[in-house]
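Asks: Sequence:
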Amino acid sequence: MYHISTSIEISASPEAVREKFLDFSQLPNYHPNGLFKVLGPLVPGEPLNPGLKMHNELDGMTFEPTLLENSPACFRWQGSGLMGTFKGQHIFRFESSKTTPGGTTFTHEEKFTGLLSFIMSEGSVARSIGLREKTQNGFIQYNNDLKKWCE
0 MYHISTSIEI SASPEAVREK FLDFSQLPNY HPNGLFKVLG PLVPGEPLNP GLKMHNELDG
60 MTFEPTLLEN SPACFRWQGS GLMGTFKGQH IFRFESSKTT PGGTTFTHEE KFTGLLSFIM
120 SEGSVARSIG LREKTQNGFI QYNNDLKKWC E
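For the sequence shown, numbering that gives the first Met the number 0 assigns the number 0 to the initial residue and increments by one for each residue that follows.
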């Protein structure tokens, strides 16, 4: 398994950050040039319950992952591609900050598994492909955009 994790401090409560995060219709307004183009349910307006099929467009690729968790502290989905040889569990965490009074530590991460998951490692072959760095930079950009929108 390979893992990318980023986090940022946001001067807004976890409830407020989560509410803005879940307003998927606003994504083009606060993250117009970023990694994520579309996030949300496959069927618009469908409740965000575990088992729901999502429709996500990320930097030229379309995915239909399955929602695994939608709790006050975590929003998480599982996707796969290339006939199951590459899987990712995408996780967003909303935790009360220990450093920003009344704020949120927002963690954005993905865990990669499967036969081709090595392309997200820190090895020389993976570094030459550059997908790990591009993905991590995309997460950081999203985090910064969400922070600006929430604050």
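Please keep in mind that the hints were generated in silico from the structure rather than gathered at the bench. On a predicted model such as this, the values are computed, not experimentally measured, just so you know. Don't take every hint at face value.
DEER-style ranges, computed between Cβ atoms [to be verified]:
1. VAL124 x ASP22: 14 to 24 angstroms
2. GLY59 x GLU108: 14 to 24 angstroms
3. CYS73 x THR98: 32 to 42 angstroms
4. ASN136 x SER95: 23 to 33 angstroms
Straight-line alpha carbon distances no greater than 25 angstroms define the calculated DSS-like cross-link-like pairs of lysine-lysine that follow [stated by the list, open to error]:
5. LYS36 x LYS146
6. LYS36 x LYS97
7. LYS52 x LYS147
Yeah, the Cβ is synthetic: ideal placement off N, Cα and C, and Gly gets one too.
Asks: The structure should be examined with respect to each hint, and the outcome stated for every one.
Replies: Consistency of the hints with the structure:
Checked against the hint of 14 to 24 angstroms, the pair VAL124 and ASP22 fails, with Cβ atoms roughly 39 angstroms apart. Checked against the given bound of 14 to 24 angstroms, the beta carbons of GLY59 and GLU108, roughly 22 angstroms apart, stay inside it. Taking the beta carbon of each, CYS73 and THR98 are about 20 angstroms apart, not inside 32 to 42 angstroms as hinted. For ASN136 and SER95, the hinted distance range of 23 to 33 angstroms is satisfied, since their beta carbons lie about 27 angstroms from each other.
With a C-alpha separation of about 17 angstroms, the suggested pair LYS36 and LYS146 falls inside the 25 angstroms cut-off, and the hint holds. Restraint check for LYS36 and LYS97: the C-alpha separation of about 31 angstroms exceeds 25 angstroms, so the hint is violated. For the hint pairing LYS52 with LYS147, the CA-to-CA distance comes to about 29 angstroms; that exceeds 25 angstroms, so the pair is violated.
The earlier numbered hints that this structure contradicts are 1, 3, 6 and 7.
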